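One line per chain: the protein sequences are A and B, in this order.
Going by our numbering, the first sequence opens with residue 1, and the numbers climb by one from there.
Going by our numbering, the second sequence opens with residue 1, and the numbers climb by one from there.
The hints are simulated quantities; they were obtained by calculation from the structure and are not laboratory data.
Quick caveat, the model's predicted, so the values are computed rather than measured.
One should not assume that every hint holds.
Stated by the list, open to error - Just so you have them, the derived chain B footprint on chain A, three or more residues with Cβ under 8 Å: (1) 31-39; (2) 59-73; (3) 89-100.
Said to hold, decoys possible - Listed next, with one range per pair, are the computed distances between beta-carbon atoms: (4) 271(B) - 131(A): 50 to 60 Å; (5) 87(A) - 261(B): 49 to 59 Å; (6) 131(A) - 265(B): 53 to 63 Å; (7) 200(A) - 123(B): 49 to 59 Å; (8) 78(B) - 68(A): 32 to 42 Å; (9) 178(B) - 178(A): 51 to 61 Å; (10) 200(A) - 165(B): 47 to 57 Å; (11) 51(B) - 78(A): 29 to 39 Å; (12) 261(B) - 253(A): 24 to 34 Å; (13) 131(A) - 103(B): 31 to 41 Å.
All C-beta atoms in this analysis are idealised placements derived from N, C-alpha and C, irrespective of residue type, glycine included.
2 protein chains.
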Amino acid sequence: MPTDHDVPQATRDAPGAPLAPVVLGRETSDAERSRTLATSVTTGVLSTVACDEDGIPYGSLAPFGLDSRARPVFCISELAEHTRNLRADPRSSLLVARPSAPGADPLANARLTLLGRSVEVPEEDIAEARAAHLAGNPHASYYVDFGDFSLWRLEISAIRYVGGYGRMSWVDVDGWHAASPDPVEPHAAGAVEHLNADHAEACLLMAQHLGQRPDATIAVVTGIDRYGLDLVATGPDGPGRVRLGFDEPVATPEAIRAATVTLARRAREAAAAPGG
Amino acid sequence: MPTDHDVPQATRDAPGAPLAPVVLGRETSDAERSRTLATSVTTGVLSTVACDEDGIPYGSLAPFGLDSRARPVFCISELAEHTRNLRADPRSSLLVARPSAPGADPLANARLTLLGRSVEVPEEDIAEARAAHLAGNPHASYYVDFGDFSLWRLEISAIRYVGGYGRMSWVDVDGWHAASPDPVEPHAAGAVEHLNADHAEACLLMAQHLGQRPDATIAVVTGIDRYGLDLVATGPDGPGRVRLGFDEPVATPEAIRAATVTLARRAREAAAAPGG
Numbered sequence: 001m002p003t004d005h006d007v008p009q010a011t012r013d014a015p016g017a018p019l020a021p022v023v024l025g026r027e028t029s030d031a032e033r034s035r036t037l038a039t040s041v042t043t044g045v046l047s048t049v050a051c052d053e054d055g056i057p058y059g060s061l062a063p064f065g066l067d068s069r070a071r072p073v074f075c076i077s078e079l080a081e082h083t084r085n086l087r088a089d090p091r092s093s094l095l096v097a098r099p100s101a102p103g104a105d106p107l108a109n110a111r112l113t114l115l116g117r118s119v120e121v122p123e124e125d126i127a128e129a130r131a132a133h134l135a136g137n138p139h140a141s142y143y144v145d146f147g148d149f150s151l152w153r154l155e156i157s158a159i160r161y162v163g164g165y166g167r168m169s170w171v172d173v174d175g176w177h178a179a180s181p182d183p184v185e186p187h188a189a190g191a192v193e194h195l196n197a198d199h200a201e202a203c204l205l206m207a208q209h210l211g212q213r214p215d216a217t218i219a220v221v222t223g224i225d226r227y228g229l230d231l232v233a234t235g236p237d238g239p240g241r242v243r244l245g246f247d248e249p250v251a252t253p254e255a256i257r258a259a260t261v262t263l264a265r266r267a268r269e270a271a272a273a274p275g276g
Numbered sequence: 001m002p003t004d005h006d007v008p009q010a011t012r013d014a015p016g017a018p019l020a021p022v023v024l025g026r027e028t029s030d031a032e033r034s035r036t037l038a039t040s041v042t043t044g045v046l047s048t049v050a051c052d053e054d055g056i057p058y059g060s061l062a063p064f065g066l067d068s069r070a071r072p073v074f075c076i077s078e079l080a081e082h083t084r085n086l087r088a089d090p091r092s093s094l095l096v097a098r099p100s101a102p103g104a105d106p107l108a109n110a111r112l113t114l115l116g117r118s119v120e121v122p123e124e125d126i127a128e129a130r131a132a133h134l135a136g137n138p139h140a141s142y143y144v145d146f147g148d149f150s151l152w153r154l155e156i157s158a159i160r161y162v163g164g165y166g167r168m169s170w171v172d173v174d175g176w177h178a179a180s181p182d183p184v185e186p187h188a189a190g191a192v193e194h195l196n197a198d199h200a201e202a203c204l205l206m207a208q209h210l211g212q213r214p215d216a217t218i219a220v221v222t223g224i225d226r227y228g229l230d231l232v233a234t235g236p237d238g239p240g241r242v243r244l245g246f247d248e249p250v251a252t253p254e255a256i257r258a259a260t261v262t263l264a265r266r267a268r269e270a271a272a273a274p275g276g
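One chain only, chain A, in its complex shape:
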């Protein structure tokens, strides 16, 4: 995984371009980002080979769940084109994208393509696959047991992750299986909002005194994950990314709060210290 844990270097070849990032602590790997994304989104786009249309790659909507080996499980109808396509040729991929806010740049959002071969779930795995699909897509309870629907899973052979502009990699398939989704992802947006709305001064102190940006006059939290906080700190020389790691990975909203309180206290102590 050559690009995992890598940080894209900001370039500074134009006036107003972002400052080089300050990274303190562990970053989330692209394998972890991929697993987190695939766990937080439950409908993707399945691409199959349109056998009756000259082999043109054919995109269709596909609700999915992940089984215990992190394979997407689909519940598809014999009436649907993708099912006929897969019966003739198992090559397929699943695109999973975080929904874009209205008006936002869709290409700034993270997405993931899982490539491989889709196969009908064998008898012995049906119970687990059925539960995995329903966990992702409870609406399927209306049709999962109909005779003309069947459960399929994608056996993954390659993974492409695009985290937005300038962040993309082929994720190692073994790394995908070994990684775990971020347990605090469902709480991250709320925590970011809370920090910016109610603790802007503490966030600025963190950027100035822990994040090596003493010049900063504004600091905005842009993300929280199990390993730390992302901020954008802006000073007279422009904006720059600051990454502050937590002492330990966090797994709950309470642990996010405790870890950010610790960072804020440390920043205040540093500010109050001689020369701080």
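Dock chain B against chain A, hints included.
What follows is chain B alone, placed relative to chain A:
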């Protein structure tokens, strides 16, 4: 276009199954629904042939605009997998789906797959294609003129429309080109909400006295398009769909209002008539 203007017949083989629909007036064709959908959504999923991955169909995010011949226009980077794929094999499709509301069944929503071959836009069409792409995706103004981005368009050879459960067809490509998007689509959701919130009694009278459902005790408007209103009327024998056409196609919010006022007046007159 054998399925255009067809109405899927509700079956009545189970207790509580919907009553057969009452259809009065013109329905929107699947070609028109397809053009409307492709005009109201500006990011799709492009499926290409992954040349370095054993020809596996590869899905990727693709903002697009439609040119004057209703071909999707993409602005893609030489750094992106889909561009490399298309340079080796032009076969590709674009899936366009209406975003699903959180918690709603994603397969109840309309979607569309445009299949064909993507080609780089020839020099003489660049200006028009550039404008078409930017109209759909203004964020592209940041990179459309970069040297490593180029404009491509999908030459459509087949079109699959899925309008939700039980409504799907292959749309004739000539029909796609001849059809026009619904001019009132951007106003339809607001008009539906207004009718149900403020004119429930008038809607019930329409279902009872114009829609051949004198037994109805509840009527809910479920859709408005240029040609008419869709309602679900429920009475002692269960729910049934009612389609009421306007006298003339409408093109503005004011024309929707005038056409629905006309229907409501006619329903009241029918209710007040002897035997009404």
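Results for each hint:
Coverage of a stretch by a chain is defined here by at least three residues with a beta carbon nearer than 8 Å to that chain's beta carbons; for the region 31-39 of chain A and chain B the count is 0, and the condition is violated. Counting residues of the region 59-73 of chain A whose CB falls under 8 Å from any CB of chain B gives 4; the rule of at least 3 is met. Figure legend: the region 89-100 of chain A, annotated as covered by chain B; annotation consistent (8 residues with Cβ-Cβ distances under 8 Å, at least 3 required). Range check, residue 271(B) to residue 131(A): Cβ separation about 53 Å, and the 50 to 60 Å hint holds.
Evaluation of the 49 to 59 Å hint for residue 87(A) and residue 261(B) yields a pass: the beta carbon distance comes to about 53 Å. Hint check: residue 131(A) to residue 265(B), Cβ distance near 55 Å, so the stated range 53 to 63 Å holds. One distance hint, 49 to 59 Å for the beta-carbon pair residue 200(A) and residue 123(B), holds here, with the actual separation near 52 Å. Range check, residue 78(B) to residue 68(A): about 39 Å between beta-carbon atoms, so the 32 to 42 Å window is met.
Checked against the hint of 51 to 61 Å, the pair residue 178(B) and residue 178(A) passes, with Cβ atoms roughly 54 Å apart. Between residue 200(A) and residue 165(B) the beta carbon distance is about 48 Å. The supplied range of 47 to 57 Å therefore holds. For the hinted restraint 29 to 39 Å between residue 51(B) and residue 78(A), the CB-CB distance of approximately 31 Å keeps it satisfied. Between residue 261(B) and residue 253(A) the C-beta distance comes to about 52 Å, which lies outside the given range of 24 to 34 Å.
About 20 Å separates the C-beta atoms of residue 131(A) and residue 103(B), a value inconsistent with the hinted range of 31 to 41 Å.
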